[in-house]
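Participant: Once you've looked at the hints, go ahead and assemble the two chains, each given alone in its own frame, into the complex.
From first to last, the protein sequence lines are chains A and B.
Using the working numbering, you'd call the opening residue of the first sequence number 1 and step up by one each time.
Using the working numbering, you'd call the opening residue of the second sequence number 77 and step up by one each time.
Quick caveat, the hints were computed from the structure, so don't treat them as lab data.
All clues given are correct.
Take a look, some chain A residues computed to stay more than 10 Å from chain B by CB distance: (1) His8; (2) Thr46; (3) Asp48; (4) Pro50; (5) Ala70; (6) Gln72.
Quick list of the computed label-pair ranges, beta carbon to beta carbon: (7) Phe268(B) x Phe11(A): 43 to 51 Å; (8) Ser128(B) x Ala15(A): 49 to 57 Å; (9) Pro321(B) x Asp13(A): 42 to 50 Å; (10) Asp13(A) x Thr330(B): 25 to 33 Å; (11) Glu21(A) x Glu109(B): 22 to 30 Å; (12) Ser416(B) x Gln2(A): 38 to 46 Å; (13) Ala51(A) x Val138(B): 56 to 64 Å; (14) Ala59(A) x Arg110(B): 44 to 52 Å.
We treat Cβ as the ideally placed atom computed from N, Cα and C, and that holds for glycine.
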Amino acid sequence: MQPQHRNHLSFLDRALLNLLEERARLAREAGGPGPANLEDLCARATGDFPAHALREVMAAVEQGCAAAVARQGGQS
Amino acid sequence: MILRLRPGTPEARVTALVEHLEAAGVRTSRSPERGRPIVATVDKVPSELRASVVAWPEVEAVVDPVGEWRRVDRGFFDGPTVVDVGGVPVGGGSICVVAGPCSVENPDQVQEAAAIARRSGAQLLRGGAYKPRTSPYAFQGLGREGLHLLREAGDAHGMPIVSEIMDAAQLPAFLDHGVDCLQVGARNMQNFTLLKSIAGARRPVLLKRGLSATIKEWLQSAEYLAAHGCDEVILCERGIRTFEPATRNTLDLTVLPLLQQWSHLPIVVDPSHAAGIPGLIPPLARAAVAAGADGLAVEVHPRPEEAKSDGGQALLAGELAGLVADARVMAAVTGRHLASQLPLPSAG
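With the rest of the complex left out, here is chain B (with noise of 0.2 Å):
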């Protein structure tokens, strides 16, 4: 149950309504929301405590979220969440553009994929150091050594960066190189353990949707990180599998609407692990805009043929580009812009 309390209820009565369901038993959440009060009961509510409750005369509204969560529920919050990675707005009418190589192999590499993505119209820079592959034998990633390289393409392109994480053994790389989103993989959407640990660690998350998991589970998940410190989440829709082979997942865009109505969280849409396939990505990612996306997130690399992981699916420089040119575009006929990039750093 979440209590929308009218705005400029008095902080005392606030709290007297607090203490008055934690001394039932019932424990609550309070929202970060500063335009009125919002309170939610984490435990079940009797019948008798919730009508008493529900009278009190600064209770305009109460909601009742369609799953086991509380401070992702649409209702705990009263405009769309506006997450902040390193400068840029994610949600909240600015869509934002993360690109970047699947994996980081070299300096060169990475360097030369972060002008891509810059020089396109991206505003976030993605690449991973630390690789969850479905093969032992296939490249694991360069680990701390590979955070060091992006930090150095990301600051070299004023472009914050998003790195996959997934050990809280971790932790320590990903702050050490200020890393400033932290990437949950599908496959670690349901390691609560995992959620947990990072939860405190102060940083945006952007946290991928497992590879079978259902809507309410994927928000299940985000309720973790909210209720362990971090209501900086996004969520990312990157295709669930499905009975049909053609593509590497199906992409669920069924998300973007109904999320919309679930949860206050921006949504990025991820093309490329969904299709696998290049020429589905640009239409797939304004289908995305057209429906409502915060952001994408899609692979570049700029020479994909020698790429150590999924290079099968990364766009070449002038793809992206057009990419971008697309969303923008799609944002606008929808009401909405492209975030600003920041300003590059100054020569000297």
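Pulled out of the complex, with its shape left as it was, chain A reads as follows (with noise of 0.2 Å):
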């Protein structure tokens, strides 16, 4: 792999994280991991990211989004 593309690559990630922290960050204030609106985001998954590979990080996202929300319960 070309050196630029592992930076190009690498900062997609940190941005894929930093979104990631802010709606656990969001579904904490909300007290909630929120609607995943599964279906809709599925459909608009017409590109190279196939919709099956979708569906498992979404599930991720929403299993971390619960996760943060039952650590705030938790602490206060």
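Facilitator: Take a look at the structure:
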């Protein structure tokens, strides 16, 4: 892999992490993991990223956000 | 010259340094920075004195500001300044949205605008009670009554309030109504009498950039506030006058990376006044957050066509919600986040 590709992918990974952090923070603030709108999201997944993989990702996202909410509940 | 001393330098040595400089006729200014002592010289320092002071073992670094300011210089504070506006942090990775009508017009209008701003995700409520209008025949604002209505709307929706002050004589009204942040408009950016008068009020100040002000002139005005007791300054870029007539002003996003090098103060961007066209505001807002803005100031009105001032650039409810959602994503991508809204007041 060329260095610039590696850099671009690293940048996108960091951006994804930042967005996930923000989603978890917002879920914590809202007190619930929030609507996944899974079917709507999958319908939009018409690009390179396959819908079945998106389903797995979103399941993990929901799990992570629920854990963030539960952690807050334990602290309060 | 800004002298950055080593963290943990004993207070007695800091005092000795200050006395050494002042005995030579050089006035000094101390940073509020807690992590390390920082001392700025106000007056020009003769080269011999400079050489002797720089040689002190406690002096870790010497910074020479690029302009005639001291307290607002990047070197005068270790981190970015985070200004607390009624409990909402502005700066330091926390992005705020200041939204509301250009002018407070009547109780229903400001309450509706506040409800829209709150529902859309804005943290701070803005609204003009004293209006600097180009035409003397245009609506000049409700004055004290406008501040009262804005305060009521802010309290009802859990939003600290921001409003423009035009004259030092208005300050008691602003303090009486607990205005959380005093806005100094573009036309008053270099009204040094006003800046000095409000600096001691112990309220954060949102300092808009003058219509044709250079960045250095803008920071000089911020220094006026800081030198007279107000370190809680938020800079606001609202577009500058250029040869381009297609937009109301030209939004100068260059200030964001540049001011982050020159100053520790947070910077808010006002795309409403810059563009003057609602359709241009969301993309400019996204660009501003991407370029490092610490906040956005936008105008929203429940019925822009009925607005008594600047209705043509006011966003509608759905447009503001979209703008805030976009700002949240842009903030996250750049490793920051939107500030939390204050809790709503309890119904009881």
